[in-house]
Every structure is written in structure tokens, then in C-alpha cells.
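Input sequences plus hints: build the corresponding full structure.
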Amino acid sequence: MQVPLSWYLVVAAALFCIGLYGVLSRRNAIGILMGVELMLNAVNVNLIAFWRYVEAVRATMTGQVFAIIVITVAAAEAAVGLALIIAIYRNRRTVDVTEVDELKL
Amino acid sequence: MSMQHVVFIILSAIALIGALGVVLNRRLFRSALFLVLSFVGVAGFYILLEVELLAMIQLLVYVGAIAILIIFAIMLSRQAMATDDKVLNEQWILGGFVAVALLATLVYVLVQVNWPVVEAAVPANSIQRLGESLVSPNHFVLPFEVASVLLLVALVGAVIIAREK
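Line by line, the protein sequences are chains H and V.
With the working numbering, the residue at position 41 of the first sequence is 41, and numbering never jumps.
Take any residue in the second sequence, count from 1 to its spot, add 105: that is its number in the working numbering.
In case anyone wonders, no lab produced these hints; they're calculated from the structure.
Among these hints, one or two may not hold up.
Here are some chain H residues pointing at chain V (derived, C-beta under 7 Å) [unchecked claim]:
(1) Val45
(2) Tyr53
(3) Ala75
Only pairs whose alpha carbons sit at most 20 Å apart, straight line, appear in this in silico EDC-like list of lysine to aspartate or glutamate [what the hints assert, rightly or not]:
(4) V:Lys191 with H:Glu77
(5) H:Lys104 with V:Glu195
(6) V:Lys191 with H:Asp101
(7) V:Lys191 with H:Asp96
Even glycine gets a Cβ: it sits at the ideal position worked out from N, Cα and C.
Next up, the structure:
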């Protein structure tokens, strides 16, 4: 007896919303980046669950390929994001996003 | 309630406790360790979904690379946030409200929709099929090549941005 698809979707939705709260509420830029990683993970759970329950019968691989591309983009995003944070830290001695607001009107 | 249901509940507890630890912990370093816990829980989901290759990629890329990179960045910028007294910005109440509202909406919709689920076994040679469709011109060779260019650009970009002037 398999776990129903909706269980995966609900847990992934919870992971996504926890990550969203982290992104919206943290001061530290690294904390925001960790929230983004949680959200990307939740999306991947959805993609794989849909592949397993809806697509696997057709023996095509779209869901898995999509998940691998998302992981690749997440890795690139983490590398560039952390490089930006380190550059900001070197110039400003802070990683607090409420203090780095020159582009804000 | 079968064994799979029990395992699923344990895994979702691991993933959700890890995720809550990431956003609620006041010490950033502990948040990063909770992030690893959450990634491991998600890798467990992949094994439960019989996608073992993705579970290994999850462990290698997320736990092995991204989490370690985040811990490096925390170490390098440690003095900046030495005081842990103000970890939340002034819009955290609104952010929490938005997150809870989105979760309620999503759960309401996800439980109501009748998903076109098909009971089927995973195709026997799924890893071979995955590799073939990644390099097949009829399937995903273009995204595959673009992803490699993206990784190269991210690599060079990260080095340029983080380099000492």
C-alpha cells in the first residue's frame, strides 16, 4: 500500500512555506539563502512525487530531468549568492540585509 | 497503516523539524546544521519514491556541497553577526502571516484536487532511461548542455565576485 500522493504534496507545501518564512523574516543574508534552498528542495519533492505517481507509468523521465536541472540551478545560485555575501561582507563588514539598502527608494 | 506510511511520517518529521530549526534557530551555525537534517529527510523521501539516483545526488550536492558552502560563508562572516539578539527584521510578523496563509491555501487546494494517479511500478531500467533522455536530441540534450554552461558561468562569476581586489 503506497503513501497517497497528497501526503507528499502537503509536506512539500509545508517545507516551502517554512522556507518562505525564513526568506521573509531573516536579517542575515545567509539565513535568507538557506530559506531559498529549503524552498527549492520542496519544489523538487513535488516534481519527483508527480513523476512517481503520474508519469512513471509512461516510462518517460521529464520529472526527474526537471528535478536534476533544479538541483543544478540551486547549486549555481548558492555559489554566486554566497560569493556576493562574502563580497558585501568584505566591503561593508555586515551581512545584515536591512543595512544594505542603497537600491531601495 | 503500512510500513511505508510509518516511514513517511518519520521522514516528514525529520524534514519538517529540520526546516523549522533552520528558520527559528537564533544561532546561524545551528541553522546550517538543521538544514543538513532537512536535506537528509528529503533524500529519504526520494528513496521512498524509488528514485535512488536522485537521493544520492541530493546527498552529494545539497549535503556535501551546498551545506558545506553555507557553513564556510558563516565562518567567513562570523564577526558581522556576533550579537545574536536581532535575527529577525521588522516585517517578520507579516512574513509569518503570508507563509501561514499560503500554507493554508495550498493544503486546502491539494487535498481537494483529484490527482490523476496511476498505480504503476517504476520502470525497471529507469536510471538508464534517465541517462539516455539527458543526451537524446529528442528529449533534453539542450537543457543538459545549457545547465553545463550555467555551471561554468556560475563558477567563473563566483570567483570574480568573491576575489580580493
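These are the hints, each one checked on the structure:
1. Interface restraint check: Val45 of chain H against chain V, minimum CB-CB distance 6 Å, threshold 7 Å, status holds.
2. For Tyr53 of chain H, the suggested interface contact is upheld, since its CB lies about 5 Å from the closest CB of chain V, less than 7 Å.
3. The criterion of a C-beta within 7 Å of any C-beta in chain V is met by Ala75 of chain H, whose closest approach is roughly 6 Å, and the hint holds.
4. Using a Cα cut-off of 20 Å, the hinted pair Lys191 of chain V and Glu77 of chain H is violated, with the two alpha carbons roughly 26 Å apart.
5. Between Lys104 of chain H and Glu195 of chain V the alpha-carbon distance is near 16 Å, which keeps this suggested pair within the 20 Å criterion.
6. The straight-line distance between the Cα atoms of Lys191 of chain V and Asp101 of chain H is roughly 18 Å, inside the 20 Å bound, and the hint therefore holds.
7. Of the pairs offered as hints, the one joining Lys191 of chain V and Asp96 of chain H holds, with about 10 Å between alpha carbons and a cut-off of 20 Å not exceeded.
Comparing the model with each numbered hint stated earlier shows that hint 4 is the single one that does not hold.
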